[in-house]
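Trainee: Let's have the full structure, built from the sequences with the hints guiding it.
Residue numbering for the sequence shown follows the working numbering, beginning at 2 and increasing consecutively.
It should be emphasised that the hints constitute simulated quantities derived from the structure, not laboratory data.
C-beta: ideal position from N, C-alpha, C; glycine also.
Take every hint as true, because none was put in to throw you off.
Cβ-Cβ distance ranges computed for the label pairs, FRET-style:
id: 1; residue 1: L19; residue 2: P215; range: 39 to 45 Å
id: 2; residue 1: S484; residue 2: G602; range: 15 to 21 Å
id: 3; residue 1: Y517; residue 2: E570; range: 22 to 28 Å
id: 4; residue 1: D11; residue 2: R579; range: 16 to 22 Å
id: 5; residue 1: G79; residue 2: G165; range: 29 to 35 Å
id: 6; residue 1: E570; residue 2: S484; range: 20 to 26 Å
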Amino acid sequence: MIPPRSVIGDAPKRREDLRFVTGHGRYLDDLPFERLVHAAVLRSPHAHAPILSIDTARASAAPGVLVVLTAADVRVDGLQPLRPSAEANVQTGEPFAFAPQPLLAEDKVRYVGEPVALIVAQTRAQALDGAEQVAVDYVPLEAVTTATAALAPGVPAISAEVPGNLCFDWRTGDGVAVEAAFAAAAHVVELHIDNHRIVTNPMEPRGVVGSYDPETRRYTVHVSSQSIHATRDNTARALGVQPTAVRFVASDVGGGFGAKNFIYPEHVLIPWAAKRVGRPVKWIATRSEGFLSDHQARDHQAEAALALDADGRFLPLRIKSVANAGAYLVSTGGVQTFQYAHLPGTVYRIPAVELQVSAVLSNTAPVGVTRGPGFAEAVNIIERLIDKAAIQCGFDRAELRRINMVPPEAMPMTNAFGSTVDSGAFPQTFDRALAAADVAGFAARRRGSEARGALRGLGFAYHIKGTGGSPHENVDIRFEPDSTVSLITGTQTIGQGHETTFPQILADRLGLPNEYIRLVQGDTDRIPLGGGHGSSRATYMGGTAIWRASEEIVAKGTRIAADALEAAEADIRFEDGRFVVTGTDRSIGLADVAAVARNRGTPLDTYHAWTREWMTFPNGAHVVEVEIDRDTGEVKLARYTAVDDYGVLVNPMIATGQAHGAIAQGVGQALLEHAMYDPGSGQLVAGSFMDYAMPRADDLPSLELGFNGTRCTTNPLGVKGCGEAGAIAAFPAIGNAILDALAPLGVTDLGGAITPERIWRLINS
Numbered sequence: 002m003i004p005p006r007s008v009i010g011d012a013p014k015r016r017e018d019l020r021f022v023t024g025h026g027r028y029l030d031d032l033p034f035e036r037l038v039h040a041a042v043l044r045s046p047h048a049h050a051p052i053l054s055i056d057t058a059r060a061s062a063a064p065g066v067l068v069v070l071t072a073a074d075v076r077v078d079g080l081q082p083l084r085p086s087a088e089a090n091v092q093t094g095e096p097f098a099f100a101p102q103p104l105l106a107e108d109k110v111r112y113v114g115e116p117v118a119l120i121v122a123q124t125r126a127q128a129l130d131g132a133e134q135v136a137v138d139y140v141p142l143e144a145v146t147t148a149t150a151a152l153a154p155g156v157p158a159i160s161a162e163v164p165g166n167l168c169f170d171w172r173t174g175d176g177v178a179v180e181a182a183f184a185a186a187a188h189v190v191e192l193h194i195d196n197h198r199i200v201t202n203p204m205e206p207r208g209v210v211g212s213y214d215p216e217t218r219r220y221t222v223h224v225s226s227q228s229i230h231a232t233r234d235n236t237a238r239a240l241g242v243q244p245t246a247v248r249f250v251a252s253d254v255g256g257g258f259g260a261k262n263f264i265y266p267e268h269v270l271i272p273w274a275a276k277r278v279g280r281p282v283k284w285i286a287t288r289s290e291g292f293l294s295d296h297q298a299r300d301h302q303a304e305a306a307l308a309l310d311a312d313g314r315f316l317p318l319r320i321k322s323v324a325n326a327g328a329y330l331v332s333t334g335g336v337q338t339f340q341y342a343h344l345p346g347t348v349y350r351i352p353a354v355e356l357q358v359s360a361v362l363s364n365t366a367p368v369g370v371t372r373g374p375g376f377a378e379a380v381n382i383i384e385r386l387i388d389k390a391a392i393q394c395g396f397d398r399a400e401l402r403r404i405n406m407v408p409p410e411a412m413p414m415t416n417a418f419g420s421t422v423d424s425g426a427f428p429q430t431f432d433r434a435l436a437a438a439d440v441a442g443f444a445a446r447r448r449g450s451e452a453r454g455a456l457r458g459l460g461f462a463y464h465i466k467g468t469g470g471s472p473h474e475n476v477d478i479r480f481e482p483d484s485t486v487s488l489i490t491g492t493q494t495i496g497q498g499h500e501t502t503f504p505q506i507l508a509d510r511l512g513l514p515n516e517y518i519r520l521v522q523g524d525t526d527r528i529p530l531g532g533g534h535g536s537s538r539a540t541y542m543g544g545t546a547i548w549r550a551s552e553e554i555v556a557k558g559t560r561i562a563a564d565a566l567e568a569a570e571a572d573i574r575f576e577d578g579r580f581v582v583t584g585t586d587r588s589i590g591l592a593d594v595a596a597v598a599r600n601r602g603t604p605l606d607t608y609h610a611w612t613r614e615w616m617t618f619p620n621g622a623h624v625v626e627v628e629i630d631r632d633t634g635e636v637k638l639a640r641y642t643a644v645d646d647y648g649v650l651v652n653p654m655i656a657t658g659q660a661h662g663a664i665a666q667g668v669g670q671a672l673l674e675h676a677m678y679d680p681g682s683g684q685l686v687a688g689s690f691m692d693y694a695m696p697r698a699d700d701l702p703s704l705e706l707g708f709n710g711t712r713c714t715t716n717p718l719g720v721k722g723c724g725e726a727g728a729i730a731a732f733p734a735i736g737n738a739i740l741d742a743l744a745p746l747g748v749t750d751l752g753g754a755i756t757p758e759r760i761w762r763l764i765n766s
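Mentor: Structure (structure tokens):
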């Protein structure tokens, strides 16, 4: 065994930052390729329209154009359409109704931005010019852009494979018991809530550079992606080849937030086009293309009801949630049916729950995932519902939460659907957040705001999320001849600081100088399997793989050291990077043991693959104060305080940075962002940064963050994922604070994006 060291918990500066701030990052658009040509995607201008004909003659003859590809070419070459990441309910095995997503639309387009043709030319400008020469004869039809509209009687099916536009309707829980409990309850509170659609907008747009080697019959695909291994496998399936015939490479990735987690048509089209023209082909999305074609997020309508006894104890909870999946089911199905079941009765004791979760097709861009998918929607429902219950039934909002929280001594606990949370101290974390936020002084601050003619409100939200994503992870640790160590991981950093955190873990376990460890990632030829990044999985999954591989290295090293030191294995202990003979001053360093092993032809190099048994459950309390200008409806975040339980912090500085970013995204959804579609035409109204507002630094106050970690028992590091908490908690906390500010005016409900115009109208109604 390896004795504990003290490197974990330190906060060394991020190793990657100097490279980035000096302009030496290597993003997709920075990579050089010989004989490179460029592609443009012709996208549908209509949300719903049969295609009568496609004429490519003029485009094919345009200057510089090498080839124009349509669905007819896809069909001739035998390429396969894309399928969703989950095709059945992971709880019940019931299959989803879905239509495979075509690489290029053939008979019909189903959303604005759907790919119709691919044009490859010598230059990007020539490819774009060629795209304008493609003549497509559409017959525009009326679009449906909301789940409610798509489910209305008589609305035509968007895809024949999905009757009634309903992909699935999952119902679970004891409906009879829930109904009886509602009938006997002292209080019943009901709420309609709109969790509106957003566009994730990573700083670096999506992009693909594909090439094909006819000698090896292999494709090489350079991408900006969070998940190269799964995307490689799905790309290979669509191309009709084995995964070993496709190499995926991701260098530096400028953000993803879930939008780069899954396969897109371009992942298949670009390497296929490269094979057709015999040259590398490059496609980088414009920002406008990203707005139209990136997987969007959220877009749930929910009806929820909570029953309470006379003392405020929660009884049953009923949730009916309808998700707008967009034109094709991509990742939504698996996320919605799996994630919702974790939430009810995890932070709060809720003895009976009934869930109905549906997914519906519409003439909008496909909905994927972003920070906290499924969990964010459920937490928003529960936290907003609790506030309404407190106000309607006369309870203190904080006390109502506190008396219903699961106490630490009840851990581990299992909710009504079999979801187990291993650790947490919910009441203590909540109380620490209230104290740090100086809730006791809020009344005085409210009076100060009122004296200035402003409204002030206080809001809480307690978040929880199961993290881990893909249940499998791999790591390959190699000892190089120059005494450095190559740490090759199947995870993928997209800005979270893995180049700092992962070497920190390995240095802790093996007693190596941090600067001797080099992180290698983003290449399916260097490591054949990996889970990429999503669901705050990196430190939990990748870090645990590193930990476990380190144990194997020490075990192998002990045998070699015992032989070199002429001692029994039982007498060898490993500490501070050296194998020591107990009771003597004889020892040998790990680097020397690695050299001995290499010279013997049995390197100390270790490949480790592991599969997790369960997830981690980070949680925490966020407290918000807002000030509202009565004249303009503008909402100012006056104070933001959070105390989170991320378990053991490997690097507190990086965890703090992750919290900052997630909170900013939650603030964006609450106050600024809304992907609005015109209900008749299906056009994205907010399709650029002129119309779609993203949070800026001056939209945020100084964030007061604290940690109250309880050690996670599902991994040896004791860590919990820390990347999504703020995005889950900020939305309901801000919503509750705004409703508290507007309560004197009689406002009791608020859903969707909380813009100044909406607030102004409420104030003046």
